[in-house]
Amino acid sequence: MARLNMVDAIDQALQQAMDRDPKMVIMGEDVGRDGGVFRVTDGLIQRFGDQRVIDTPLAESGIVGMAIGMAIAGYHPVAEIQFSGFVYPAYDQLVCHAARMRNRSRGEFTVPLVVRMPYGGGIRALEHHSESMEAVFAHVPGLKVVIPADPYEAKGLLSAALADPDPVVFFEPARVYRAIKTEVPEEPYTIPLGKARVVQEGTDLTLIAWGAHVRTIKDAAQKLEAEAVAKAEVIDVRTLSPFDYETVVASVRKTGRAIIVHEAPRSCGFGAEISAQIMERAVLHLEAPVVRITGFDTMPPLGRLEDYYQPDAGMVVDAAKALLKF
Amino acid sequence: MGSVGEQVGSAGLIELYRCMVRIRSFEEHAHKTFLKGGMPGFLHLYSGEEAIAAGVMDVLAPDDYIVTSHRGHGHLLARGGDPKRMFAELYGRVDGYCRGKGGSMHIADMGHGMLGANGIVGAAVNIGTGAAFACKYRGDRRVSVAFFGDGSTNRGTFHEALNLAAIWELPAIYILENNHYGVANPQSDHTKLKDLADRAAAYGFPGVVVDGNDVLAVRAAAAEAVERARQGGGPTLIEAKTWRHWGHFIGDSAKYRDPVEHQSWLDRDPIPAFGKVLVAKGVATEAELQAIGEEVEAEMDAAIEYGRQSPFPDVSELTMDVYVGDPQGTSAGGRS
Chain A
48 MARLNMVDAI
58 DQALQQAMDR
68 DPKMVIMGED
78 VGRDGGVFRV
88 TDGLIQRFGD
98 QRVIDTPLAE
108 SGIVGMAIGM
118 AIAGYHPVAE
128 IQFSGFVYPA
138 YDQLVCHAAR
148 MRNRSRGEFT
158 VPLVVRMPYG
168 GGIRALEHHS
178 ESMEAVFAHV
188 PGLKVVIPAD
198 PYEAKGLLSA
208 ALADPDPVVF
218 FEPARVYRAI
228 KTEVPEEPYT
238 IPLGKARVVQ
248 EGTDLTLIAW
258 GAHVRTIKDA
268 AQKLEAEAVA
278 KAEVIDVRTL
288 SPFDYETVVA
298 SVRKTGRAII
308 VHEAPRSCGF
318 GAEISAQIME
328 RAVLHLEAPV
338 VRITGFDTMP
348 PLGRLEDYYQ
358 PDAGMVVDAA
368 KALLKF
Chain B
5 MGSVGEQVGS
15 AGLIELYRCM
25 VRIRSFEEHA
35 HKTFLKGGMP
45 GFLHLYSGEE
55 AIAAGVMDVL
65 APDDYIVTSH
75 RGHGHLLARG
85 GDPKRMFAEL
95 YGRVDGYCRG
105 KGGSMHIADM
115 GHGMLGANGI
125 VGAAVNIGTG
135 AAFACKYRGD
145 RRVSVAFFGD
155 GSTNRGTFHE
165 ALNLAAIWEL
175 PAIYILENNH
185 YGVANPQSDH
195 TKLKDLADRA
205 AAYGFPGVVV
215 DGNDVLAVRA
225 AAAEAVERAR
235 QGGGPTLIEA
245 KTWRHWGHFI
255 GDSAKYRDPV
265 EHQSWLDRDP
275 IPAFGKVLVA
285 KGVATEAELQ
295 AIGEEVEAEM
305 DAAIEYGRQS
315 PFPDVSELTM
325 DVYVGDPQGT
335 SAGGRS
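Protein sequences, first through last, are from chains A and B.
Under this note's numbering, think of the first position of the first sequence as 48, with each following residue one higher.
Under this note's numbering, think of the first position of the second sequence as 5, with each following residue one higher.
Pulled out of the complex, with its shape left as it was, chain B reads as follows (with noise of 0.2 Å):
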């Protein structure tokens, strides 16, 4: 643990854990209901990724920026989003953050300064890069962290998103999710790479590799490239490479992945393996570690039923907020 947990100290590594708890308690509430028919839509699950979600957020100041992908659930959650509005957002309820009309795949919510989920692989590069503009240009120190997959990168708009933060020296900070599968399309199939975060060289800006399943490696890399980018020092791409528990989505098998090496990520669990140092290190005990589980639990129990108990949103919605001053709905459609 090392120097980093002493800078975090024991209640900040507890929340750490509580954190990554959280998210996976949220995660497996919706698998749950989602297999059982409750929810519309697809779910991308982050189910063995928090450690990224919770270490990089760790480091955020309130009014940073997060843009964040498909599988974006853990972010928000990690970044103080309420389960409750999550929830109702998943089953597409007037109380979730986009009133029921982003779903899963669309949250978004400015209070917590996150920009949206995107359903488009990679978007969150380009828009992630555009906020960071609005950063350097506002000069408030101020920072912008996209979070995208290792399928983003093979696209055109990865390559012009980071050099066009390069060469205005923008404050951004990509983070790429690295859970070696874009869909169905394994890395080595899709980048002779083994390490993408080479790409940086391509750019002139730092590439790190960290460990994502280490939370408090995930929290080290995030930090420095924040400052940097705090300082003036220019964007940062860091490759925390993870695996996801499940498939892409709900409802993929994920039959193309090698069960051995399945197995040996799932050994790698990051958040048994953060529970360990936690006892191993004195900072918490078993019973402590189980007792956040279990109000975490509770809480998740009641954030989904507050979900599902939330009104559809009246059918007179179906045409709102097409354009600003058309709040009551004017588009066209239907029988004319």
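Isolated chain A (complex conformation) (with noise of 0.2 Å):
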């Protein structure tokens, strides 16, 4: 089986779906001729044209906003963002269009749309390219928010996401893209939306992420069982929105503490409703506080200063001893 990166990934379940799909359209800044800043979209417009694969101006609005009309009227496209921090111009259609039709319309309209864009730190950027932001949508009815942690799961979830009849904001964690390499299968399969995955399981406590970071509590489970301190168990959520609680539910009731760890900032992160479901679901098995390793309530910062923005397996192992001596 192939081993590929997250961008060949993502560019294979693209093609994939457009060869199955004569609806699909791609569409955004540079996805064509350029196949794409990251590279995502290379080849495509080689082998659909420039009428499935097209380049657009500088207008996330615009992009977005028509989207919209081509997903109503009967098409699939697929925008794409350049960076994540350039979504908030398109902000104002995905909230007040994409994600209402369906029931603003009681049914009759859906919007079959898929946003994808690369997002998060760990490339030495700042601000607007680097930013991890997934909560705000992530808050917002009808629509569904998807973070693949690793190529295999990327090919699966957005396979899934091209395929939902829903509109999908679909993170790319830009510093996993070229980072990491798995075994992909060449045909098509998809990973359904709303089921977190179980990385490897555990008894001591629960680690909690998703994006980049389902690698930072796979290194700090290692250093821990490595360590004899405690065997975790490690869980991706892979999508915040539907979110799987009963997945996380049933694990931290099994191991009594639970550490959530996310690059966004602290405050409203997705990290509070996961802490606010276990509280409420399982409060009585709880052995300790829930314990969340976040980002700061700041601009990700350029060069160094990222080194201390960003969570890492070191943090984690500090809190879980801290946990399992409480």
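Treat the hints with caution; some may be incorrect.
What the hints assert, rightly or not - Which stretches of chain B does chain A cover? Using the computed rule of at least three CB atoms under 8 Å from a CB of chain A, they are: (1) 107-120; (2) 157-170.
To be verified - Some chain A residues well away from chain B (every beta-carbon gap over 12 Å; in silico): (3) A64; (4) D66; (5) P232; (6) C315; (7) D344; (8) A360.
Said to hold, decoys possible - Example chain B residues on the side facing chain A (calculated, C-beta under 7 Å, incomplete): (9) C102; (10) R103; (11) I124; (12) N130; (13) G134; (14) A135; (15) F137; (16) D325; (17) V326; (18) V328.
Treat the hints as calculated values from the structure; they're not laboratory data.
Being a predicted model, the structure only gives us computed values, none of them experimental.
C-beta: ideal position from N, C-alpha, C; glycine also.
Hints given; two lone chains; assemble the complex.
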């Protein structure tokens, strides 16, 4: 089986979906001739032509607003936003229109739209090129929010998103794009949206993350096991909306301890929602308070400061040791 | 009336008149009921602007798309919408087009290619552009018509959408219903332009100014734009100058308008003006026009009663239809 990085896995998912679905259209800034600034759509314009892989002007609200109209009128647009920090002009379109059409029209109109965007830090950029604002999308009823952790996950989750009848915001952790390879089957497959993944089972505490920080908690779990401190259960949330609280709560009921890791700012981050769900559903199973390890309530900084901003495996190990002694 | 009147024919002219009378009657029925407290939400009336919806819809094919604004009752009615279901929607009842969940501002009806009224100013511009893209992509010669007001043209989204439509030569028709106020903000305060159709020059496609209170003038301009779009000639911006008889919404006293100017527009009410033309040209008699008014009044009396008697949605509908495949409603909320 081929070992692919996330860029190639996503490209393959897009190509296979475009092959299957003649109503699918890719649009965005530099997605065609240039193949995308991260080369995620590389080769697609050669295969599908410039009528299906469309280079647009720099106009995010125009791109997403148009994509909504196309979706209602029977197409399956896939819009790329060059960096997630550029999406805010289109946030109006997503929140006020894409998310609501189905409910507003009582099911008469649906918006089968996927908005893909690279997000998150670790690429030595700052602000708009590194931020992690997934929670502001997860808060919007009617949107689905999906974040893959590795290439295999990316192909399966994106394939599911591309077949989904509702609008999906698909965050691609830019730092993972070329950092790791996994085995990725050539044949199409999907991973259902709304189902978290138990990456490895454990008994003493539950580590919860998504996107790039699934690797952080896997590394932490390895260190904890290597030091014979604890056997940690590792959960990749995969989709923030819909959120699979059953898998998370079942794990915490078993382990009694939970650490949630995200690089987004702490306050009102999605970790707060997960913590609340655990409190509501598993409080009597808890041996210690739920802990969040997160970015800071500030803009993602440039350069070396980012090393302080981002959670890392060492922080998770330290927090785990404290929790076990609580 | 000239050549346009000849093209439309007597029966067609009377239908244009009836269409405007039905919109006016619908709006005034809603107005009276709303003031009595019988309707939820907000109400933005189209009274005074009827000639635009009537004129434009008359040249569309059944499978063309329209996307409209918060002032959208007239568009759906002119497009063939059923006033019974529209009133039910205004009342928030299950027989409404959106089962009572869209209300006045979000009526949508795929059956008439009506992709939705919208509570966000100018939203139709972008969504209509997308539908136009779909038309071009399919190559089926359909067109997409977006309705919006003068206030919309100052939004960034307006620029983005019209530029996209221009570069891709989309079959989009932009109907700018210029009632001269963005809520309470007069045109002279929100733009330096006298004619907002001039904005089309920035995108490289035709911009046309038309008397929005003259149904035949609107119809002629729309016919030319629709034909150009169907032939692959790209978009058109039509600025129809008009006036709303009431405030921005019911409850807005519209004291910001000059009473003399207001009266001058009321004197140019599109419905009696067109009625006079029909009588002068011998297309209809005063008595026939009066009979139309009475028929329409009875139709709207019955329609609003239908809406009033339609049941409220069950409370279980609160969380329904948030996602496909979730018809029973499993959205989280309330006490956990």
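Each hint tested on the structure:
Figure legend: the segment 107-120 of chain B, annotated as covered by chain A; annotation consistent (6 residues with Cβ-Cβ distances under 8 Å, at least 3 required). Chain A is given as covering the segment 157-170 of chain B, and this holds because 6 residues of the stretch bring a CB closer than 8 Å to a CB of that chain, at least three being needed. Distance check on A/A64: its Cβ is at least 17 Å (rounded) from any Cβ of chain B, clearing the 12 Å threshold; non-interface status holds. Listed as a non-interface residue, A/D66 keeps its Cβ farther than 12 Å from every Cβ of chain B; the least gap is roughly 18 Å.
The beta carbon of A/P232 is kept farther than 12 Å from every beta carbon of chain B, the shortest such distance being approximately 26 Å. Separation of A/C315 from chain B is adequate, the least Cβ-Cβ distance of about 16 Å exceeding the 12 Å criterion. Against chain B, the non-interface label of A/D344 holds: every CB pair exceeds 12 Å, the least being about 25 Å. Annotated as non-interface, A/A360 keeps its C-beta farther than 12 Å from every C-beta of chain B; the closest such distance is 32 Å.
Interface hint status for B/C102: upheld, as the beta-carbon distance to the closest one in chain A is roughly 5 Å, under 7 Å. Taken as an interface hint, B/R103 checks out: its beta carbon lies about 4 Å from the nearest beta carbon of chain A, inside 7 Å. For B/I124, the shortest C-beta to C-beta distance to chain A is roughly 5 Å, which falls under 7 Å, so the interface hint holds. The closest approach between the C-beta of B/N130 and any C-beta of chain A is roughly 3 Å, which is under the 7 Å cut-off, so the hint is satisfied.
Hint status for B/G134: holds, given a least beta-carbon distance of 2 Å to chain A, under 7 Å. For the restraint placing B/A135 at the interface with chain A, the shortest Cβ-Cβ distance is roughly 4 Å, inside the 7 Å limit, so the hint holds. At its closest, the beta carbon of B/F137 sits 5 Å from a beta carbon of chain A; the interface hint therefore holds under the 7 Å criterion. At about 5 Å, the closest approach between the beta carbon of B/D325 and any beta carbon in chain A falls short of 7 Å, and the interface hint on this residue holds.
With 7 Å as the threshold, the beta carbon of B/V326 comes within range of chain A, its nearest partner Cβ sitting at about 5 Å, so the hint holds. Interface restraint check for B/V328: the shortest CB-CB distance to chain A comes to about 4 Å, inside 7 Å, so the restraint holds.
In terms of the numbered hints stated before, the structure departs from none.
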